[in-house]
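**Student:** The residues making up each chain are set out below.
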Amino acid sequence: MTENTIDQPEDRVPKRVIGTPPPTEAILKDERAHEPEALPGVQYQDPVSARKAEKAVALLFAIAFLAGIGFIASYVIFQVGTIEKTSTSNFALGGTLTLALLALAAGITTWVRKIMPKYSMIQERHPMVSDSDTREYVKETFLAGANESGFVKHKLLRRTLLLAAAPLGLAPLVLLKDLGPLPGNKLRHTVWGEATKNGKPRRLITEGTGQPIRAADFNSPGGILSVVPEGYEHDLNALAKATLILLKFRPEELKSGTNLNWTHDGIVAYSKICTHVGCPAALYEQTTHHILCPCHQSTFDASDGAKVVFGPAARPLPQLPIGIDEEGFLVAKADFNVPVGPSFWERGDAEHEAREKAEKA
Amino acid sequence: MDTPPKAIAGVSTFLDDRLGAGSFLKRNLRKMFPDHWSFLLGEIALYSFVVLLLTGTFLTFWFKPSMGHVMYEGSYEPLKGIMMSEAYASALNISFDVRGGLLIRQIHHWAALLFVAGMMVHMLRVFFTGAYRKPRELNWLIGIGLLTLALFEGLTGYSLPDDLLSGAGLRITQGVILSIPLIGTYIQFFLFGGEYPGEDIISRFFTLHILLIPGILLALITAHMILMWVQKHTQMPGKGRTEKNVVGAPFYPAFMAKAGAYFLFTFGVLALLGTFAQINPIWLFGPYTPADISAGSQPDWYMGFLEGSLRLMVPWEINLFGTSGGTIPLSVLIPALVPLGIIMTGLALYPFLEQWVTGDRREHHIADRPRNNPHRTSIGFAAITFYGILWLLGANDEISANFHIGLYETTMFGRVAIFVGPVIAYFVTYRICLGLQRKDAEIVSHGVESGVIKRMPNGEYIEVHTPPADDILAHLRGKKEIPIIEGGADREGIPPKGARSLIGRLRAKMSRAYGTDRIPLEEGHGEEHVAVGAGERKEVH
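Line by line, the protein sequences give chains L and C.
If you're matching positions, the first sequence starts at 65 in the working numbering and goes up one per residue.
If you're matching positions, the second sequence starts at 45 in the working numbering and goes up one per residue.
Be aware that one or more of the hints could be misleading.
[Claimed, not checked] Interface residues of chain L toward chain C, partial, derived using beta-carbon atoms under 8 Å:
id : residue
1  : Asn154
2  : Gly158
3  : Leu225
4  : Leu251
5  : Val255
6  : Thr307
7  : His340
8  : Phe374
9  : Trp409
10 : Arg411
[Stated by the list, open to error] Some chain C residues well away from chain L (every beta-carbon gap over 12 Å; in silico):
id : residue
11 : Phe172
12 : Ile216
13 : Ile260
14 : Leu354
15 : Thr402
16 : Val467
17 : Glu486
No lab work stands behind these hints, which were simulated from the structure alone.
The C-beta atom is built at its ideal place from N, Cα and C for all residues, glycine as well.
Extracted from the complex, chain L is given alone in its bound form:
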């Protein structure tokens, strides 16, 4: 049957008709005779197209079945163990699973849309509020119960009950106390200030290779070196505060922000831990001497005491006093004079304090 009519309102004037109109009545009169009696709002599908759809749905279900078998087979056939094997197994398992799920979903959807009737049924809706009789009954029952229980009358009972509940309510909080130690002044110090076993100053160690750094050999104009403390190369808690970046400057490049007494032959060490929220400030731009933290792009001028030139960090990266030991290796002369890393409530203006101390000394 060709579609001659198009969607248009009943009373449209003039009517639009394309092609030859079909006969107004079904040619096979009993075409719809076997349909069950429809409820109001239930409109059955055309049986011819429903039969067609049935085949399509059955095909989709069959595909889902085969893909499901394929999934199980893939699990048995494809082993893992190398990158290539894992990749193959992943594609086989995932591909078959995807196909099975999507074919099943498409089948059911086609079933609902092409075989089940079209629904436009109506259900009544009632206001959420309960009727006044019910409310009145609940109110009276509540009052009756409250009075029967004596909760209102016996003040002493009420108060002692509250009293009894209070410590029990606090108990869980108390129990959580041992989740961690108190902060103390742990955030103010790093392992650079701790004495080594042999009493010598702590050496700077190249991260990764684990080698100490001979000052005479260190030359990295343009690069930065990531440095960790000797003896704590793999201690994450220590590294989270004590990791350094090491740079070498020509004497004329260093500006007043950098403490020259804490450098050795143009070599400067700054904390690598960003003063914003603690990411490692790991990027360096040679031409501008800018250190950039990749997390939130706080930018520090390495030639000028790592002062902030852009971004959300509010304080410069602290500088570590360094020197050399008798063998010519770079060592820490003291701990940082201010807390490293992100700010915290107890920190205060440690930079100001350090400056005052230095002036007095």
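With the hints as your guide, set chain C onto chain L.
**Tutor:** Only chain C this time, still in chain L's reference frame:
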């Protein structure tokens, strides 16, 4: 089929004898579910959650939430012999030495992204159609609770594999916690069991991620569903649809089958993504160390707006007590708390603020078309713009690198746009809403273009307009007036009691602005078109 099969009849009788399930089913088998594409958005989130539970349970069978140090001896060659945490080693093990492990891990991650995305678009749908209005305010609040919890669920899950990227996220979390005034340091030490990173955080996050938060999520989702079921779904305005009925397809069999298929579609698409779209390739990042980071580190998308707001912030920090403490790192505290606070608090309060402004205490079951409440829609788009700018700027390094724009320029742009953008969005949206309303009003009063050109007796050509189809007309006429509280002065020039105070006057003013219908629908002139059809001369619009 005239009688139920014996097996079903037997079981039903058994259950009904013991539970009285019959009367429940009598009421609910034919529960109506109205149809509209936008009603399916929340289902995406629901089904993603189911997939998350399934895949997550699978992952726990192999994952070891421990920060103890081990040497990697699995089958991923490049990392062999490297010291790492047991958590990272077991995550690698799931990826390379468990059949289907990589697939399930990737589906899990994709499902997490889709879960939050589904919740957010669902929330926007509910907001813009006013479906949060009485009696559904409680379900709206539950939804906001779900969204907040989902962010924490994502954050804790993201940190578990303990690779370099996940550690960067954890480090930022720690820095943010430290910035909390007065108690930040203590919270950090309690949460991490001492100094960062410590040895406890992975196992603690694991418990939060697989037990506590999903448990609460599951309970709240159940409550969300029950309330939806009891209050019945809202419907879009249309033919035969009123505030007192629900028109749609019955739960049994049509909606049930559709929902089942929709779950399979969601799962299928997630499986497709998990198979072909690589996500979080942890083996490329290496084990976590606080000393290193890879450039271009990006959080999962739903955390992007917090990342962006941290990046946009200016370097403010104050020391209340000078050198002796009281440090408030505003450059961390403000971006971490304020945008999230504005968005979540604003969402939670909106239904109640709107009620206060409009004085509208009626129940609403017919959803608004967004254009028909232009101020609400504009506020929504201002909020989307606010969120969107933060989100976009969370990737400003990628934008800078890929589009060759200066990094700092993107930041400077963002610092201005975050204030200007929402205002522009508000006014543009408002104008668009009025324009769309005008279009509706025109269709209602003059009909639609029929495509039929008619030559008039005087030689003039006109296009005949016909009245719109019934259902379209009913849809357009579904526009409902927004109540305005009484605020004007009476005949003697005395304003009503509530509108005399400063707040009262402001409320009355806002109510007028919010509720005034600038483009009222007019009655149609349908008879004109008939007249034209009959050959009479008459002006047709």
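**Student:** None of the hints should be skipped; say for each whether it holds.
**Tutor:** Structure-based check of each hint:
1. Restraint check, Asn154/L versus chain C: the minimum CB separation of about 5 Å is within 8 Å; hint holds.
2. A cut of 8 Å between beta carbons decides the hint on Gly158/L: the least distance to chain C is about 3 Å, and the hint holds.
3. Interface hint at Leu225/L: violated, since its Cβ lies 28 Å from the closest Cβ of chain C, which is beyond the 8 Å cut-off.
4. Hint on Leu251/L holds. Least Cβ distance to chain C is approximately 7 Å, under the 8 Å limit.
5. Residue-level restraint check for Val255/L is violated (minimum Cβ-Cβ distance to chain C is 11 Å; threshold 8 Å).
6. For Thr307/L, the interface hint holds, the least distance from its beta-carbon to any beta-carbon of chain C being 4 Å, beneath 8 Å.
7. With a least beta-carbon distance of about 7 Å to chain C, the hint placing His340/L at the interface is held under the 8 Å criterion.
8. A hinted interface residue such as Phe374/L counts as satisfied when its beta carbon comes closer than 8 Å to some beta carbon of chain C; here the least separation is about 6 Å, so the hint holds.
9. Satisfaction of the interface hint for Trp409/L is found here, the shortest Cβ-Cβ separation to chain C being roughly 5 Å, below the 8 Å cut-off.
10. For Arg411/L, the interface hint holds, since its Cβ comes within 8 Å of a Cβ in chain C; the closest pair sits about 4 Å apart.
11. Every CB of chain L is more than 12 Å from the CB of Phe172/C (nearest about 22 Å), matching its label as outside the interface.
12. A beta-carbon of chain L is positioned within 12 Å of the beta-carbon of Ile216/C; the least distance is around 5 Å.
13. No Cβ of chain L comes within 12 Å of the Cβ of Ile260/C; the nearest lies about 16 Å off, and the non-interface call holds.
14. For Leu354/C, the condition that its CB be more than 12 Å from all CB atoms of chain L is violated, with the nearest at approximately 5 Å.
15. Remark: the non-interface label on Thr402/C is consistent with the geometry, its nearest Cβ contact in chain L lying 19 Å away (cut-off 12 Å).
16. At the 12 Å boundary, the C-beta of Val467/C stays outside the reach of chain L, the nearest C-beta of that chain being 24 Å off.
17. For Glu486/C, the requirement that its beta carbon stay farther than 12 Å from each beta carbon of chain L is met, with the minimum near 17 Å.
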